[in-house]
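Sequences listed follow chains A and B, in order. The first sequence begins at 1 in my numbering and counts up by one. The second sequence begins at 1 in my numbering and counts up by one.
In case anyone wonders, no lab produced these hints; they're calculated from the structure. Hints are not guaranteed to be accurate.
Dumping the calculated PhoX-like pairs for lysine-lysine here, alpha-carbon to alpha-carbon at most 20 Å [claimed, not checked]:
#1 335(A) - 74(B)
#2 551(A) - 522(A)
#3 335(A) - 301(B)
#4 551(A) - 335(A)
#5 516(A) - 565(A)
#6 551(A) - 516(A)
#7 74(B) - 301(B)
#8 261(B) - 79(B)
#9 40(B) - 335(A)
In case you want the letters, here they are:
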Amino acid sequence: MNILERFDAMDYAPAPESRADADTWLAGRDFSRSLFIGGEWRASSGAKTFDTHDPATGKLIAQIAEAERADVDAAVQAASDALPAWRDASGYDRARVLYAIGRALQRHARLFAVLETIDNGKPIRESRDIDVPLAIRHFIHHAGWAQSLSRDFPGERAVGVCGQIIPWNFPLLMLAWKIAPALAAGCTVVLKPAEYTPLTAILFAEICERAGVPKGVINIVQGGPAVGEAIVEHPGVAKIAFTGSSEVGKRIRRATAGSNKALSLELGGKSAFIVFDDADLDSAVEGLVDGIWFNQGQVCCAGSRLLIQESIAERFIAKVKTRMAGLRVGDPLDKNTDLGPLVDATQLARVQNLVAQGSAQGAACWQPQGDLPAGGHYFQPTLALDVAPSNVLAQEEVFGPVLATMTFRDVGEAIELANNTRYGLAASVWSETISLALHVAPKLKAGVVWINGTNMLDAAVPFGGVRESGFGREGGHAGLRAYLAPADTSPGAPIVPFQPQPVQGSSETLIDRTPKLFIGGKQVRPDSGYSMAIADAQNRHVGEVGIGSRKDIRDAVSAARAAAKSWGGATGFNRAQVLYYLAENLSIRINEFAARIQNLTGVAPDAARAEVEASIERLFACAGQADKQEGRVHNPPSRTIAVSLKEPVGVIGIVAPDAQPLLGLIAMLAPALAAGNTVVAVPSPRWPLLATDLYQVIETSDLPAGAVNIVTGSAAELSKVLARHADVDGLWIVADADTARNAEEDSAVNLKRVWTSGGRAIDWMAVEGSAERFLTRAVEIKSVWIPFGH
Amino acid sequence: MNTTGPESTPRSQPTAALHHLPTSRSVPANAPANPAEPEKSQRNPGLHFDPRFLDELRAVNLSAIERRAATLVKRRSIKGDNQSAWLLRALALMDLTTLNSNDTDERVRRLCAKALHPLSTELRDGLGLGDRLIRPAAVCVYHPFVATAAQALHGSGIEIAAVSTAFPHGLAPLETRVREIELSVADGATEIDVVIKRGLVFAGRWQELYDEVQAFRQACGSAHLKVILGTGDLVSLRNVTLASAVAMMAGADFIKTSTGKESVNATLPVGLAMVRAIRTYHGATGIRIGFKPAGGISTTKTALDWLVLIKEELGRRWLEPDLFRFGASSLLTDIERQLDHHVTGSYSATHRHALA
Numbered sequence: 001m002n003i004l005e006r007f008d009a010m011d012y013a014p015a016p017e018s019r020a021d022a023d024t025w026l027a028g029r030d031f032s033r034s035l036f037i038g039g040e041w042r043a044s045s046g047a048k049t050f051d052t053h054d055p056a057t058g059k060l061i062a063q064i065a066e067a068e069r070a071d072v073d074a075a076v077q078a079a080s081d082a083l084p085a086w087r088d089a090s091g092y093d094r095a096r097v098l099y100a101i102g103r104a105l106q107r108h109a110r111l112f113a114v115l116e117t118i119d120n121g122k123p124i125r126e127s128r129d130i131d132v133p134l135a136i137r138h139f140i141h142h143a144g145w146a147q148s149l150s151r152d153f154p155g156e157r158a159v160g161v162c163g164q165i166i167p168w169n170f171p172l173l174m175l176a177w178k179i180a181p182a183l184a185a186g187c188t189v190v191l192k193p194a195e196y197t198p199l200t201a202i203l204f205a206e207i208c209e210r211a212g213v214p215k216g217v218i219n220i221v222q223g224g225p226a227v228g229e230a231i232v233e234h235p236g237v238a239k240i241a242f243t244g245s246s247e248v249g250k251r252i253r254r255a256t257a258g259s260n261k262a263l264s265l266e267l268g269g270k271s272a273f274i275v276f277d278d279a280d281l282d283s284a285v286e287g288l289v290d291g292i293w294f295n296q297g298q299v300c301c302a303g304s305r306l307l308i309q310e311s312i313a314e315r316f317i318a319k320v321k322t323r324m325a326g327l328r329v330g331d332p333l334d335k336n337t338d339l340g341p342l343v344d345a346t347q348l349a350r351v352q353n354l355v356a357q358g359s360a361q362g363a364a365c366w367q368p369q370g371d372l373p374a375g376g377h378y379f380q381p382t383l384a385l386d387v388a389p390s391n392v393l394a395q396e397e398v399f400g401p402v403l404a405t406m407t408f409r410d411v412g413e414a415i416e417l418a419n420n421t422r423y424g425l426a427a428s429v430w431s432e433t434i435s436l437a438l439h440v441a442p443k444l445k446a447g448v449v450w451i452n453g454t455n456m457l458d459a460a461v462p463f464g465g466v467r468e469s470g471f472g473r474e475g476g477h478a479g480l481r482a483y484l485a486p487a488d489t490s491p492g493a494p495i496v497p498f499q500p501q502p503v504q505g506s507s508e509t510l511i512d513r514t515p516k517l518f519i520g521g522k523q524v525r526p527d528s529g530y531s532m533a534i535a536d537a538q539n540r541h542v543g544e545v546g547i548g549s550r551k552d553i554r555d556a557v558s559a560a561r562a563a564a565k566s567w568g569g570a571t572g573f574n575r576a577q578v579l580y581y582l583a584e585n586l587s588i589r590i591n592e593f594a595a596r597i598q599n600l601t602g603v604a605p606d607a608a609r610a611e612v613e614a615s616i617e618r619l620f621a622c623a624g625q626a627d628k629q630e631g632r633v634h635n636p637p638s639r640t641i642a643v644s645l646k647e648p649v650g651v652i653g654i655v656a657p658d659a660q661p662l663l664g665l666i667a668m669l670a671p672a673l674a675a676g677n678t679v680v681a682v683p684s685p686r687w688p689l690l691a692t693d694l695y696q697v698i699e700t701s702d703l704p705a706g707a708v709n710i711v712t713g714s715a716a717e718l719s720k721v722l723a724r725h726a727d728v729d730g731l732w733i734v735a736d737a738d739t740a741r742n743a744e745e746d747s748a749v750n751l752k753r754v755w756t757s758g759g760r761a762i763d764w765m766a767v768e769g770s771a772e773r774f775l776t777r778a779v780e781i782k783s784v785w786i787p788f789g790h
Numbered sequence: 001m002n003t004t005g006p007e008s009t010p011r012s013q014p015t016a017a018l019h020h021l022p023t024s025r026s027v028p029a030n031a032p033a034n035p036a037e038p039e040k041s042q043r044n045p046g047l048h049f050d051p052r053f054l055d056e057l058r059a060v061n062l063s064a065i066e067r068r069a070a071t072l073v074k075r076r077s078i079k080g081d082n083q084s085a086w087l088l089r090a091l092a093l094m095d096l097t098t099l100n101s102n103d104t105d106e107r108v109r110r111l112c113a114k115a116l117h118p119l120s121t122e123l124r125d126g127l128g129l130g131d132r133l134i135r136p137a138a139v140c141v142y143h144p145f146v147a148t149a150a151q152a153l154h155g156s157g158i159e160i161a162a163v164s165t166a167f168p169h170g171l172a173p174l175e176t177r178v179r180e181i182e183l184s185v186a187d188g189a190t191e192i193d194v195v196i197k198r199g200l201v202f203a204g205r206w207q208e209l210y211d212e213v214q215a216f217r218q219a220c221g222s223a224h225l226k227v228i229l230g231t232g233d234l235v236s237l238r239n240v241t242l243a244s245a246v247a248m249m250a251g252a253d254f255i256k257t258s259t260g261k262e263s264v265n266a267t268l269p270v271g272l273a274m275v276r277a278i279r280t281y282h283g284a285t286g287i288r289i290g291f292k293p294a295g296g297i298s299t300t301k302t303a304l305d306w307l308v309l310i311k312e313e314l315g316r317r318w319l320e321p322d323l324f325r326f327g328a329s330s331l332l333t334d335i336e337r338q339l340d341h342h343v344t345g346s347y348s349a350t351h352r353h354a355l356a
């Protein structure tokens, strides 16, 4: 075309970003030695390699050294060797290294961007304007945290060697999200990039060599799932941080059960994009473009479920279609490309298959006209209309450019539809009415809510999910916490499971008493119809309690779920007064409870009384914190109010130990309640009478029915039912190691947040057993972004 | 621009069903690639004043619009031959303007000469333009120079635009403002750029604003009416959007951002809000309204950003002189320099290009 023809056409022409420098780098590098271990570039000990391809052409880019188990061992060893010096280095020393990495990334920003686009297929605009700048920001932001660590987190220190496994959708950015906080906290890392996208991590390691990162602090091993497994199973790793699919996240949860490894999982999503009738519709359409057609929809927090208010649905869909027709699918290195290819043929097949299934289930799938480029794994942006909530496109994460659309009638239905999912990563709310948007945001089951925006990410603002979208946060204060552990922990004695012995004699009560289960505010008999005898310290018969079973747990969880709204929705001040009142009522009966403890456990009278007093004090302390679960206000580099709110986890199962049977129960119960959770408690299996006495106190203390439920019985059996229950959000277990391990493994069913003492006793008066520790576990952090301006 | 088409007064058209805006007639984004002969746009007959239309347009989110404006220009890249073609398009969409208090007849004649021969022979040959005339769409002047420009441009096809209605503030009696239009038209102006009284927007006196613009439109007769909102004064994008809607309802052929005299000139977010209002009006009525950003557009980079914005938001059809103009004075020189660079491969200097 000559210039006059172009003048008439006014079309776009290819504007390719040069790949010359990237090609020079690729040609000059020996990828058979691309394992970065202890500061050295090593070949695979098994001399194995794997191929990485350009998704736009399918051509081979490089053959990368693939780590063997021995290489992972060497990497973990190098990280362990480097740990003491790095952990004990001054915050300033670590800050300077993080700063140097950030600046070095900045100096080579374009090479990183081009390489990322070649390896992943994402449009150069995105790698250049989003991925790389956010990665730079992450390192420079965390330099500050490194320096202020001891002031901001007194009594904490690096958790240890971290195994980090990252996905292929944002290779460099996810690397930054993993490595920056770990290094700031003083951890050393073994990181595995995704098999599809190994390149930018190699360039990153080269930069670290020059940025003064001590040898062994960052180790990068390449390869597929087997390498990931080797990291996850390695005994020298103290923490696993994983970003990827929920399916693999669940496997990691099972594999790490009983290992005492800290775990954070950032998994899949099916995030709602809610458009109310008073939204700026044209802007909401652009939000969708940034939400579901960003990175070809291969984004964990993609707004993949569009919920539109009925009154504007027709208009809005027309606008979306018009906009989709303007999206340009093509060569990702072309600066005019909006969508590049999907990362791999496997991913393309998966998306095609899900769209075919969705269509077969009744969805009307619409795509703009136009040919796709040949040779790459391209897929047209797709709008699925008439999607029923049961449709696979509404339920499953597609991880592709496919938008499922539904309508709602009112605010309540919008929230209900939004929360009708196993996932809970992100949500967008579009409305010009601030009171409506701020009404909806707290009600959404999601770790991140964007108001009149989407896919806003920043190093200062915590990111992460609830439900099967995983747990743990990345970014800011909360993200740093995930790489820290108490500095002074002395592990308690292993807990030995209680073995019931034949009980002597009979109770000497004036009138026979039947302690019951306490479910939904009522005393109920166990569904099993069985009871067990309880003995005192001299093995004399003191009473009989019901043997709770799975059905009792089922009923208790239902009751707790029903109460979650009233108790979790009550004001903190209201909860505080109820918990103060509980402490008040327990104090009235201090002698009775002390006598019971003394009689059952055989401790000295002073110790028994001290346990009751400590329990009252703990209730009092948690009551005082109920109205102080305050979030944070962040400072991202945009005109935005970004706040993180602390919300209750939801329904929490608590399995309390035999030791200090009253305090052990209350030390977990009180913080859970203070934060607004409802509880299903399994008290000490040996001395449950303290708990059955306690429900009489609870009954007089204005707690709403179902806020606390008590099921007596076998800790091992009941914790298994709790762990497998999909409507339990959190589970805290102080019991023997097998019970703890099994619960961690079983919890993978819905990825509930499990905390166990690792089968060891807890000192309730030390930091590890403190109210502060449990209050931190009792909340989820939700980040809410509110861009403003007029 | 067609200045001899049949006239219809604004009130002769029935009111469109505005509250439930039809969606089937939204702008096709993939409009014909080469509308060398675009279908003639019907002149805007206007609509009865309908406050419900304003309700539809109240939701304007500044942050989201700023994000779109910032990323929009990074989503598209115009390079090489294409860049030269697009810059020629920018030239052809230009209202070459002089609006200074020290303007003289001679100054205006010089501007008209530049409009008639905007590119040197070397550049024209280098770009392969052959016989094709690529010139600014109009010359834009104050009323006293309309006759001078009309004489200088006679027979060229270049329109004569006059700023009017007590430009730039609009704070004269309605009677004299209307009379000013009539006098400019009588002197040969084919396009009239009027200003609105910003105070009517702040007060929400939409009916009054509607009535004034309608009076301007009637005074224009066959001359086309561009309504300048003075967006830098209006402060909020909601004001900009609502004022755009009232101007379109009252019969504006074009809506225009700025006089060039406000402290804030044409910005992309303001432009985005205005073109979205145009899109909504087109969706409701099928009528295409023109858009003219003005003030501060002096570099080729900025000009390309605007062209991308129009192509992305309104489509190819709008990149024609009957629907899009730049109000500019020094932009032309920068275009010449850039074209020179494309032809010679070396960067040029301002003094090598003939003054306007």
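Item to check | Violating hint indices (sorted, rising) | outcome: 4, 5, 8, 9
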